[in-house]
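Peer 1: Position chains B, C and D against the provided structure of chain A, taking the given hints into account.
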Amino acid sequence: MTHPTGARINNDLIRPLLLTSWRFYLLVVFFGGFVVAGVIAWISQMYYGFGIAGLKWPIYWAFYVTNFVFWIGISHAGTLISAILRLVNAGWRRPVTRCAEVITVFALMIGALFPLIHLGRPWLAFWLFPYPSERLIWPNFRSPLVWDFFAINTYLTGSTLFLLLPMIPDFAVVRDKSTGLRHRIYRVLALGWRGTPKQWHRLESAMQIMAIAIIPVAVSVHTVVSFDFSMAPIPMWNTTIFGPYFVAGAIFSGIAGLLIAMAVLRKFLHLEDYIHPVHFENLGKLLLVMALLWGYFVFNERLVTYYGNGPAEMTVFWQTQRESFAPLYWTMVTCNFVLPVVLMGIRRFRTIAGCVIASFGVILGMWLERFLIIVPSLGHKYLPYSFGSYSPRPAEIVITGATFAAMALLYVLFAKFVPIISIWELKAGEHPSPALIPPATAEHRLGELHL
Amino acid sequence: MKAVYGLYPDGQSAQQAVNRLRAAGLTDRDITVISAQPMEDFEFGRMDDSTWMWWFACLGGLIGMSVGLALSWYTATAWPMNVGGLPTFAWWPKLIILFEMTMLGAILATVITLVVSAIIPRKGQTLYDPEVTDGKILVGVEDPINVSLPAIETALSSPSGARVKRTF
Amino acid sequence: MDRRSFIKLTAVTGASAALASCGNPENQLIRFVPDEDIVPGIAVWKPGVCPLCAAGCGLTVRVMDADAEVVRNGQLGIVRIAAAKKLEGAPNHPVNRGGLCARGQAAIQITYHPDRITQPLKRAGERGDGRYEAISWDDALGEVVSRLDALEAAGTQRALAFLSRGGAGHRAALIEQFLARFGAPPPLVYELFGDEVLRRANAVSFGREQLPTLDLANARFVLSFGADFLGTWNSPVAQSVAYGAMRQGRPGIRGGFVQVESRMSQTGANADEWIPARPGTEGVLALGLAHVIVAAGLRPASAASRAGALIDGWSDGLQGYAPEQVEKITGVAAARVDRLGRQFAEMRPSVAIVAGPPLAHTNGFFTAVAVNALNALVGNIEQPGGVFFTPQLDLAAALKMKTPVAGAPAPPFRLQPEGDEDDPHIGDAQVLFVDGANPVFTAPRLWRIEQALAKAPYIVSFGSFLDETAVRADLILPDHSFLEAWSGAVPESGATVAVASVAPPVMRPLYQTRATPDVLLDIGRRLRRPLNLPWQTFEEMLAAAFAALPSATRDVDAWTDAQGKGMWSGTLPAGLGRAASLPAPPAARPLAYEAPSFDGDAGEYPFHFLPYPSTTFLDGSLAHLPWLQEMPDPLTSAMWSSWVEINPATAERLGIGQGDVVEIASAHGSVRAAAILTPGIAPDMVAMPAGQGHRTFTRYASGRGSNPVEVIAPVTEPATGALAWAATRVRVTRVGPPDGSLILFAGGMREHPEEHR
Amino acid sequence: MPRWGMAADLDRCNGCGACVVACHAENNISTVGAGEAARGRAKHWIRVERYWEGDFPDVRVKFRPVLCQHCDNAPCEPVCPTYASHHTEDGLNAQVYNRCIGTRYCANACPYNARFFDFFNPSWDKPLHLQLNPDVSLRMVGVVEKCTFCVQRINAARVQAKAEGRGVRDGEIQPACAQSCPSRALVFGDLDDPESEVSRLSRSPRGSKLLEDTGARPKVTYLARQA
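Protein chains in written order, with our numbering: chain A, 1 to 451; chain B, 1 to 168; chain C, 1 to 757; chain D, 1 to 227.
One chain only, chain A, in its complex shape (with noise of 0.2 Å):
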């Protein structure tokens, strides 16, 4: 195996773009069918009354908001991961941030369409914009659901950027590579770009300010997230670690979904050249460190509850731990937890197979961690008479299926577009064949790093 050369690049990266095969349209067909079940759904939802939903009171939020915080978790993975690693200048990235940005911009596009879906009258979803109505009536800014749109919004905005502008050089590589229709639109997309010194320097100051600007906003984004929670006075909602604990099991849940990602891409784009083992090594300690902070914050949330004693507390808090939603709980911590501890802490298990098993089970447990800080809490606030249970109707499942199919499917539609792997920044990698890589030793990994 070869160091691959500039021409190779090309031809690797460009080929998923030129030619198409059958399995492009079959998997289009599949993750577009589901999609299209969850848009009837959704339209169903709309027509019929949002009560076809098992959304009831005092529940009034489960499912929908859970694949809200879920997504915009996942949307973690991208931008943040990336733009740390660009600022410390880590080599390993340079095939991983693409794919990592592009999780981040679709995640961040699904989620947010679930405060839209969640919505008991989405036709009016745009009364939430801050612009000059007739109504003379501006959104509350006091409320977290505009912090929300302000968070979102800056952090989509940032993250499209942030995953648009190293596109324009690879864009322009299309552009050279083809010929007719695809030609004239990579042409236009590419946007005149020649790579002059100016302008390669300026794309890279750019996008080193972009780095440093998204991390704050990444950070910010699921606190507010977290403040949709935190500033209702629920049991176990009113706490102030939520903040942290929502950003770290963001990232956590990003990396798991990244990993993922990755696996998929290498296996089915035959990107063996160019997503190594050592990536896999390398996220896989990430994982492993975030499991572990976030087992610390589980740890944490749940002793001061459990010191504090106060009643409506420890009602949610035995649901949990052992009475309706116990069997959900104890599976969150052994996804989030146990699974990857034990998979990514011993080095054996820490092979691609051993961090897309890990990774799966780490997006269950946090999806079932979203669930289960939601529902058990506005199922028990403080007076008993109002209790309630939930469970989803097929309403919500179907969405929730059709939008992990959506993200496939988008996943699918930008490879077959956009080369997957950043090629200017690869070729400017001057990446070493991996056969000059030293076998991994203790040294050597944190070299990578570079923190």
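Derived from the structure by calculation, the hints contain no laboratory data. Note that CB positions come from ideal geometry on N, CA and C, so glycine has one too. Mixed in with the good hints there might be a few duds.
Chain C regions said to be covered by chain D (calculated; three or more residues, Cβ under 8 Å) [as the list claims (entries may be wrong)]:
{"hint": "1", "stretch": "83-97"}
{"hint": "2", "stretch": "622-630"}
{"hint": "3", "stretch": "669-683"}
{"hint": "4", "stretch": "736-745"}
Think about it this way: if two alpha-carbon atoms lie no more than 27 Å apart in a straight line, the pair counts; the simulated DSSO-like pairs of lysine-lysine are [to be verified]:
{"hint": "5", "chain 1": "B", "residue 1": "K94", "chain 2": "A", "residue 2": "K177"}
{"hint": "6", "chain 1": "A", "residue 1": "K267", "chain 2": "A", "residue 2": "K285"}
{"hint": "7", "chain 1": "D", "residue 1": "K162", "chain 2": "C", "residue 2": "K46"}
{"hint": "8", "chain 1": "C", "residue 1": "K565", "chain 2": "C", "residue 2": "K400"}
{"hint": "9", "chain 1": "D", "residue 1": "K62", "chain 2": "D", "residue 2": "K209"}
{"hint": "10", "chain 1": "D", "residue 1": "K62", "chain 2": "C", "residue 2": "K46"}
{"hint": "11", "chain 1": "A", "residue 1": "K416", "chain 2": "A", "residue 2": "K267"}
{"hint": "12", "chain 1": "A", "residue 1": "K198", "chain 2": "A", "residue 2": "K177"}
{"hint": "13", "chain 1": "B", "residue 1": "K165", "chain 2": "B", "residue 2": "K2"}
{"hint": "14", "chain 1": "C", "residue 1": "K122", "chain 2": "D", "residue 2": "K126"}
{"hint": "15", "chain 1": "A", "residue 1": "K198", "chain 2": "B", "residue 2": "K94"}
{"hint": "16", "chain 1": "B", "residue 1": "K2", "chain 2": "A", "residue 2": "K177"}
{"hint": "17", "chain 1": "A", "residue 1": "K177", "chain 2": "A", "residue 2": "K285"}
{"hint": "18", "chain 1": "C", "residue 1": "K565", "chain 2": "C", "residue 2": "K46"}
{"hint": "19", "chain 1": "C", "residue 1": "K122", "chain 2": "C", "residue 2": "K565"}
{"hint": "20", "chain 1": "A", "residue 1": "K198", "chain 2": "A", "residue 2": "K416"}
{"hint": "21", "chain 1": "B", "residue 1": "K165", "chain 2": "A", "residue 2": "K198"}
Take a look, some chain D residues computed to stay more than 10 Å from chain A by CB distance [claimed, not checked]:
{"hint": "22", "residue": "E36"}
{"hint": "23", "residue": "D118"}
{"hint": "24", "residue": "D125"}
{"hint": "25", "residue": "A156"}
Peer 2: For chains B, C and D alone, coordinates are given in the frame of chain A:
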């Protein structure tokens, strides 16, 4: 447009070509270099690297913050509403809006600066060759005025591996 | 402009309005010219009388404009009507004093019920299958008249049976007159949870055959034996008003309240002390208290006079009812009996109440007389804070109908298959009129009401809904709703002064219905031998009845005054009141405690079965009102459901969990319902609310839940012949897991759930 | 400005539920039917909570009517992004249905679960709709509704008082629940008027607020049952 340029297989020969052009009396402003990746390891890759982008970003941030402040101040006071006994203009929640707007301003300013200063093509700067995409480095001169064409061609063709082309 | 072209013109404007509001079919209808003046948006308050129970609460009805769909000249359109919007308790009514119970609030839905019968119907299919065809009022009345004429021609006027739900009011008086003049027996009154036992006991104890009025507001100690006086019994609103005053209406004085019952009722839930005595032994407990009082010398035994003399051993100090003895029988600790006895005598004024399950046993009469004696012992009768009897207006006297009518007084029909053989059975009726009663639903299965009705050749129903009895009628002559017709009531209790309520119609009839009193008067006129009732309309009869009363104000006569206020109240002039006291009954054997007998072997059927009137539907006659269906039951929070209440310890022993489907089986029938585990019931008892389980009773009640009456054994209280509805034993078996039929509003039973982990 | 509030005397309340139906009748609250009720969509702006205490035979029951407490620091208000939930000048916690977009955040933030969401367009089987109170707006699918302290009655009484050139008298305004309550457990009035009955009752040593420690400062005072 009249232009002459050479294509070079690696950074060293491109650097030589740039050096020869300078020796022939051309300024950096007249020399066009195009590559498929940043060439910051070489001196020519750092041409024209001074930028005000950081300052524009800060300015954008300030503007964003001001917009956020103005928006939240105006909307709160235009129709004061009592909610939950909070003050009409509550600073703590507003800080979130101010922060997000600051960051949005900074990001947009950065991108606008980039697009305006480096990506929108300028008149008379159209020299390009698709071979760059395959790893060649283009060094050339557009519309030479002070220096004669043959002199430029000589300078461009001297490094090894050079391939010189003309456009008219 | 003539009327026709005006209608056309309004039709055009209606159409253009429809264009402006495209898509909404309602707005495309023609708008008719209204028949009455009503200012949009302006509310008018009119008096009314609540028709739902015998309490006769006064209403004020809020009337505003509404757009109703009507058919005129074969054309569908909308017209602005003056519609009743809300019922509220009349603030000045001496019974309810502004309050109104949940059922009364919901009564307005009777008028607007989507399944109301809107015009006369003639049976078109088999009896009971609910197929009817429209018939004109003339034809319908012609049919009834020809049937009655045929009876008269055959000389069998006694074969006309009239089945009603009771209540002493002007309507009942009219029915009585109608039947008497025709030569038919008096109306057959049947109520599942009737109070005949208590009335009869009051007659023998106090010479008043009526329900008591309780002056709770002035009482300092209330002792209730099973009476759900805040929920369903007697005059619950009047009693609730007084209850509030008893608890917190007097500065520095808070009345105490003890409830004796083995299944906690809504009323019992408010007691300071709740005492589950063994079913059917409440009378013993009452006499135990009397024993304590007499033995301690707090009151002399003679103070009970006539009421005490009815009890065996009363004058000897009730030797058989010493606390230790009482403990053996009732299960209430002797020390507690002693304490309660002293409290009852010392915390005066005190009052004892008895009603409901304690009287629905085979010794119910004894229990009632025993509690009456206890009341009499401490001097509670007609004293502040005690028991009063509302002076009763004698309507027959007021209407000058005292003159005997033609024919000998006939014995009333009976519903029970056994009994006094001289009385005609309902199955022997040639023509049967049904007004408000639904015995097919509320009578025990073994009385075979359905079979008896099948034998009756001709059944006429005056109901507004197709319930289980009405659906067997050959002819339905739908009544107006109470808001569309003149209504009157003479409350039997609830106030210490005499009361007569009256209210003119509040709104125009929505449909082709007619007021049943007017229909009866019409029939009476059309008969071949007219009945010669002295009134053309019910309104005339009401006017006559009120004209006899003294006016409360100088300026206007009693009739005008009563119409404005919705009622007359005051002191009855001599001759218009019912006898102040019945003569003492001939000296009979004094009553002694006999253990209640229960239907069903205690081994095979180990549980006492208690059907009880539902807080929302009473005996089931209100199950068709959606507000009541969706109102959470006070104790279980159940909506739209029926259920069985089981003690948690019992349920655990039987392997029954909350919501599990259980089968309740007696020797006579079985029902299935969801189990609710509740601590407020004795471990050897299961209870079930009546009201659900209708087979046919509008879209809201049909096929919902199950009817506990199906399980009840046909046991009667021997002294009165009343149904002893609490005397059935049952077995309980788990049938399966929750089937989703139990709908609870509440999520939790206890305020501090962790205490009961 | 008045500050409307309520006192609920738990010693008088006997759990009969008259207030529940009165509220339905006054405020055009639709019934949802058995199927929807089973899914937890029943709407009762006022409910009588029942709690069992102890076990057989020493068992007692606590009734407590719970409605919107019209908190001074209502947690439901600041969380609403569209000001649908806000505070009026006379201390009512108002819900503007037209402005509600259905985030249901207010309903979550309410510690009392006093807010109800319309899962479907409320409907009435004709002609039950003839009963609808024209003074109370109908809600549509997707909005949150709740007790208003019968604001239509408050406004009507104010208009009447103004027309007669006087202030609103104590006891003149009665929400439907208080009006119907047979045992007079609910008393409504102006908390800023020290002479009003509700003020007097709110100062009672028996009085306490529900879930006071959430900091919501509710305006309904519960007078404890004695003994």
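Peer 1: Indicate, hint by hint, whether the structure satisfies it.
Peer 2: Verification of the hints:
no.: 1; hint: 83-97; verdict: holds (count 8)
no.: 2; hint: 622-630; verdict: holds (count 5)
no.: 3; hint: 669-683; verdict: holds (count 6)
no.: 4; hint: 736-745; verdict: holds (count 3)
no.: 5; hint: B:K94 to A:K177; verdict: 50 Å, violated
no.: 6; hint: A:K267 to A:K285; verdict: 21 Å, holds
no.: 7; hint: D:K162 to C:K46; verdict: 25 Å, holds
no.: 8; hint: C:K565 to C:K400; verdict: 25 Å, holds
no.: 9; hint: D:K62 to D:K209; verdict: 16 Å, holds
no.: 10; hint: D:K62 to C:K46; verdict: 37 Å, violated
no.: 11; hint: A:K416 to A:K267; verdict: 15 Å, holds
no.: 12; hint: A:K198 to A:K177; verdict: 23 Å, holds
no.: 13; hint: B:K165 to B:K2; verdict: 11 Å, holds
no.: 14; hint: C:K122 to D:K126; verdict: 24 Å, holds
no.: 15; hint: A:K198 to B:K94; verdict: 39 Å, violated
no.: 16; hint: B:K2 to A:K177; verdict: 25 Å, holds
no.: 17; hint: A:K177 to A:K285; verdict: 38 Å, violated
no.: 18; hint: C:K565 to C:K46; verdict: 9 Å, holds
no.: 19; hint: C:K122 to C:K565; verdict: 39 Å, violated
no.: 20; hint: A:K198 to A:K416; verdict: 30 Å, violated
no.: 21; hint: B:K165 to A:K198; verdict: 23 Å, holds
no.: 22; hint: E36; verdict: 7 Å, violated
no.: 23; hint: D118; verdict: 7 Å, violated
no.: 24; hint: D125; verdict: 17 Å, holds
no.: 25; hint: A156; verdict: 26 Å, holds
In summary, the structure is inconsistent with hints 5, 10, 15, 17, 19, 20, 22 and 23 from the numbered list given earlier, while agreeing with the others.
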